[in-house]
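Peer 1: Protein chains in written order, with the numbering used here: chain D, 23 to 460; chain Y, 23 to 460; chain Z, 23 to 460; chain E, 23 to 460.
Check before you lean on any hint, since a few could be wrong.
What the simulated footprint calls covered on chain Z by chain E, stretch by stretch (three residues with Cβ under 8 angstroms from a Cβ of chain E suffice, anywhere in the stretch; the number is not a length) [claimed, not checked]:
hint : region
1    : 112-124
2    : 263-271
3    : 279-291
4    : 314-321
Simulated from the structure, these hints should not be mistaken for lab results. Cβ atoms here follow ideal geometry from the backbone N, Cα and C, with glycine treated the same way.
4 protein chains.
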Amino acid sequence: MGFDEKIAGLAEGLRELTIQRRRDLHAHPEAGWTEFRTAAFVAETLTNLGYAVQIGSEVVEEQAMMGVPAAAVLAAAAQRALAEGANPAWVDKMAGGKTGIVASFSFAKPGPTVGLRFDMDANDVTEAADPEHRPGSCGFASQHKGVMHACGHDGHTAVGLAVAEILMDLQAELAGTIKLIFQPAEEGVRGAKAMVSKGVVDDVDYMLGAHFGFKMKHTGQLACNVTGFLATSKYDAEFIGIPAHAGAAPETGRNALLASACAALNLHAISRHGGGASRINVGTLHAGSGRNVIGDKALLQLETRGATSQINEYMAGEAARIIEAAAAMYDVKVKITEMGGAAGGNNTLELSERVRTVAKRLAIFNDIVATSDFGASEDFSYFMERVQEKGGQAAYMMVGADLAAGHHDSHFDFDETSLDYATKILANVAVDLLVEKN
Amino acid sequence: MGFDEKIAGLAEGLRELTIQRRRDLHAHPEAGWTEFRTAAFVAETLTNLGYAVQIGSEVVEEQAMMGVPAAAVLAAAAQRALAEGANPAWVDKMAGGKTGIVASFSFAKPGPTVGLRFDMDANDVTEAADPEHRPGSCGFASQHKGVMHACGHDGHTAVGLAVAEILMDLQAELAGTIKLIFQPAEEGVRGAKAMVSKGVVDDVDYMLGAHFGFKMKHTGQLACNVTGFLATSKYDAEFIGIPAHAGAAPETGRNALLASACAALNLHAISRHGGGASRINVGTLHAGSGRNVIGDKALLQLETRGATSQINEYMAGEAARIIEAAAAMYDVKVKITEMGGAAGGNNTLELSERVRTVAKRLAIFNDIVATSDFGASEDFSYFMERVQEKGGQAAYMMVGADLAAGHHDSHFDFDETSLDYATKILANVAVDLLVEKN
Amino acid sequence: MGFDEKIAGLAEGLRELTIQRRRDLHAHPEAGWTEFRTAAFVAETLTNLGYAVQIGSEVVEEQAMMGVPAAAVLAAAAQRALAEGANPAWVDKMAGGKTGIVASFSFAKPGPTVGLRFDMDANDVTEAADPEHRPGSCGFASQHKGVMHACGHDGHTAVGLAVAEILMDLQAELAGTIKLIFQPAEEGVRGAKAMVSKGVVDDVDYMLGAHFGFKMKHTGQLACNVTGFLATSKYDAEFIGIPAHAGAAPETGRNALLASACAALNLHAISRHGGGASRINVGTLHAGSGRNVIGDKALLQLETRGATSQINEYMAGEAARIIEAAAAMYDVKVKITEMGGAAGGNNTLELSERVRTVAKRLAIFNDIVATSDFGASEDFSYFMERVQEKGGQAAYMMVGADLAAGHHDSHFDFDETSLDYATKILANVAVDLLVEKN
Amino acid sequence: MGFDEKIAGLAEGLRELTIQRRRDLHAHPEAGWTEFRTAAFVAETLTNLGYAVQIGSEVVEEQAMMGVPAAAVLAAAAQRALAEGANPAWVDKMAGGKTGIVASFSFAKPGPTVGLRFDMDANDVTEAADPEHRPGSCGFASQHKGVMHACGHDGHTAVGLAVAEILMDLQAELAGTIKLIFQPAEEGVRGAKAMVSKGVVDDVDYMLGAHFGFKMKHTGQLACNVTGFLATSKYDAEFIGIPAHAGAAPETGRNALLASACAALNLHAISRHGGGASRINVGTLHAGSGRNVIGDKALLQLETRGATSQINEYMAGEAARIIEAAAAMYDVKVKITEMGGAAGGNNTLELSERVRTVAKRLAIFNDIVATSDFGASEDFSYFMERVQEKGGQAAYMMVGADLAAGHHDSHFDFDETSLDYATKILANVAVDLLVEKN
């Protein structure tokens, strides 16, 4: 019996468990840097499977963590995780929101190091309560108000655990090392940088990642080469002015509201780049304290993107200068904080092609697409960039799934049979790489 | 014994009661249109004194009420008032936030009708908790979080009740009719128009109003002719666009955030007016729903002002056109709602002069100022305008008070001995007018 | 025979000559700092009358000259003046555009120093060529294309010469000193500062100025106290960016056009001032060099104004900061040049009152207005401010004249009988002051 | 002897004449729609060679002419052409600026129709006068101030005449029809649409165009497939407001200057397009008439671009709405005029490949590039689009040339040996197509 059949059998044996795990995670969603319960469960499971598990400050570089919630938020989330059954020993190790995990296992025979990355965090979305929304009707809707797995990371995590078990089952036949990376805070592209900075993929030869859905909207589809990763930077700009009575002495105020409005307009007017796609978005603007008071404070949340890291750097540089100048224009203070970021970049075509070869061989997909344009940002790009810099290969695939609604929508849900497709393709590609030297 | 001495005696007899009442009101502040407890107490007290009391829809025109809170907010405030001892019979009559009161009494002899107006509402301010803030240290700090009497209307109401009692005590010697108007929602200049529209001052010959503080910052000061009432209009502008993913397909969005930012800037660029002072302020701007989403909604709170009603109309007209055009520019929808307003206008100099004559005669003020520039808005101007249109006279005075901090500041407090000064000058001027025909 | 009759007789004797002179000046208009022919004629005439004439660098401070035309323009204007008969000896003394004149005469008896100021420059306007435009039909239309006396300074200069002759005729009866100041470049308020800086009015006890027209639109009117002088500053802001092909590599440009547009909008959004009237105007904006090129240069011409010098300083300070910040926002260079300015200020009421007393006594005016709001800027204010600072008195009056069209209009013309009114009131007030000690 | 050798011989025989013609055209440059002398010379030469020449309204659709100069400018240019020796018979036929020419010849044998397009117009640039600028030192600098061949169209036209002569020399051996199109007004992409609208390429099977320089900066280079044609639209937006005195009554003005500044900023803030590259440029902005006058008129010159015609239409639609809204915002009028445009599009790869095959065979180029990104606009795209719509093929090539300075620079000049390269490749490709059926 070849690997294909063996993996198929193992994956099907795990099918129900994977669905159960996905539903449990869906019911207990945790936003970026607060995945205490999720990560504790992952760490426990992988330890039990025989993996060497590193967690917390061992795999997360504090300096490079972006967009971390306030200490009180972290504390409340940790308490909730404990109340919902998380093992305190693991939770302790994740102090400060360092909820990343690296689980490794070196097979007996020498061989390459293969990395797989799974993201674990949920969105700041309140799940729909309609009767026709399946998570509700099937009893696994989010129990955390304002937080929801609306992007499928619950499925990613469950698939990661299934792949981990399959590889362990096949250990006798494999060579090299497997590294399973469970990443926090992918939403807002805040988490990958901190793990990459810690060096967790510096020794990886082949790096794989995957996502459900996006333009692959039907179960059975697969895109082997996801292109168009936009490099991105996320910033908060906080303007501080001076309030004044708008009728009696407006000239004594310093208008942070107008500074922020001026910044927003001029940010969107940053020149396009002749070298490729660029983006700018001021997504939120909150300013002022009362109708008859000169607006003395303002907060902008913005992001830049670029087809390449270089174009994104151009955009980010322009943005910073414009924000500073808008503050100067209205004689107010401003503080810019980096809240997230992702690199640009492209798959290693050789590895994408290998994924395609494996996928064709499996003959389980009804639609294999060579290339799919992502047109958005994913901080998997940091892992990809680092591995490629070190001479390795990286590829990111998109696994089709029938979707109930678009990503980040409160009605988001995906066809759980796609969990099986994802488990099989990831396990097969990993095995293909880990038997390479045979 | 002349009226001056009699009134002095009566006022001094009420001094402690007035301070107590002011402190009770201070501890139980109610924002505009939610003055259920305050108004019930006023109505009860005036009824007991012998006044004919009209309340609710008898004296408040629903169509002309501006900036009324949501039904749920009104309901919660009414419940709180009942819980804090308000008489349900009065509260029932104020359904929908119609918390205005007119208390009248016609003296035996014929004579003019004299109106006095007192405002009752508190501010949306959380009272300071510092130990040195006297309301806290003396035990009468606000018990309602987020609401505070930070403008002195608690004092105005207490003074109104004292004046009511004095005039009733002197009833045998007076001629004509007294009308005591207790107005809701002066903050945001939202309440006066609804009472004026109902016709409550259509028969008034002399209209008086007063305020503590402002530029009269020391107890014992009095300004007899307050000038520079700025006409004003308050608007909310709500922009509705279409969200879109800022990376993948930004062109499919309709950017309400940029529309609102564009409106804010161009509103502040409305041309100055050669005819006199004008003002514009976009006081708050809240827009967008997420960093990586094209901002699909925005809310602006703004106000215009003018030295005359005509200049304010110019400003308001320009503002409306600019807001509509900003929406058109970004292809979003916009809805403009009027949230408040006040007329411009000036005191009747003859009546101000009469106030000054009375003040000099009393010899209790250490600093009597003929004219004080207000430079802000007060919806007393609606009463003033209507009475003057009907051929009557109107005057507004400023009663000095040592202040702990500026108006609307969380540390605002005033010297309570000024309550006595206010009671005396208002009672004396009223009596002076009500003995006219003798 | 009293002074009134004597002056009336002398003025009427000069009536035709004054009209002739005004028409000659009208036909040969000279813009600010190029009044070579006009000033040479004035200097020649006053010298012939017996005045001590100072001209050029004796009375004009080079550092304080604002908005001086390029050397080539000055040279061409001087050539034209010579070609039109100006005395080269005078023209030589006005090198560099220093076309100001001070003509003094000290009477035998001691007494106060009385200054009168007349402005000589024309506007950058092309005179209307319609048959019904009187200067054309009467043969004295501008012979200098693009330049026109459209504000009446031709009349002012002619009146100044008539007053000079009358005072000299009466010299035996007068005391003190008369100083006649003929100022260049009042348009754009560029010239007064340079004469004041030179100290020409430091010894003046009574300073008088006058203007035809404005709100006094009918011959026979007189306003004795002109109020509402707006302090003003005039600036040019020149932005220098970097051009780039707008299609191929727009990001390599530095957009001076957008910097200037951003500056214009935000300049108009400078907060109103609670202390009184303020103004801002970006009057011209010229930017860019081609449709498909990132705009690499821009020129803004702007002005600020204020009811007081202090308010104007606030406006000018805000404007400078905004312009610098707009340049920083677009990463372009900017150079701000001061092009003109006038102080704010008010007449000395005692002197205005004296003018009114004289005017009433003469009984030639059909409408004497105590106060007329100017609502604009006049650099006479610099003379006024300096004289008042030194303890003297200053007053500015408005002499009514039937107007064919508004000031600065290509159809502007005024009723020449008003020349007679102006001559009489100025001569009479001067004499009133110069016989004071008698 | 094969065609390659024959053509090489003919081309080399014409080499000196071609350089002479290019220099004569360089010395007498004519801007778009005023190429009276150039076109008369082309028409005369082609007629003499035996071509059937159509000119003026036969080949130019008046309705579709964009950016035509004023009648007086056309008249002056025609006069100048006559004065410089143009044949009046041809000039007469080009009334109204219709300076386009189509020269056709059908060979004896049936075959395809091959179109070649050459553009004839010069730039609005004043040629550099430095001694080291070769056109000056060699005596063929522009004799028309403000006009210069700074893009190489003089060379294009000279090459077109050489190719015309070669093909006629080879007529006995060729099949099908040759159509030589000499197009006016390529600068500003104003001319092609009017010839395409007239149907001049409706019967063309193979359409060829070429340009000197751009990214092919060295003589001997050739790019066979020029990609990245940006669709583009050119607009003028003229704002008309109402002037007012900025000090006395600014509120009575209607500020066209601010409307145009507001439009400029918001135009540059048009959202990027997820479907591909877009561009916007407000290249010039001229507004206002005087520093102290509310700016009553403004003119914007702008352009939009897009990677596809669809994206450009999105940009142009957004631009129109924004301009209209900016006018509404400031209550001014606006008129938008289309001044030019080009389609997007791509070469027919089969034809580009054929060009490459021919180029390789010739073995005269030292660097043959398969693909070169243009990243700009060329209205050859209109010809390309129409021919492809009708089922034909089209290709545009770039012929390398050592450049003295970039295109549109006043120091632009190109190595004249590149004329020979261009003649040979165009003649050879044409012949390759015209012997197809043999």
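Peer 1: Quick check: which numbered hints come out false for this structure?
Peer 2: Those not satisfied come down to hint 1.
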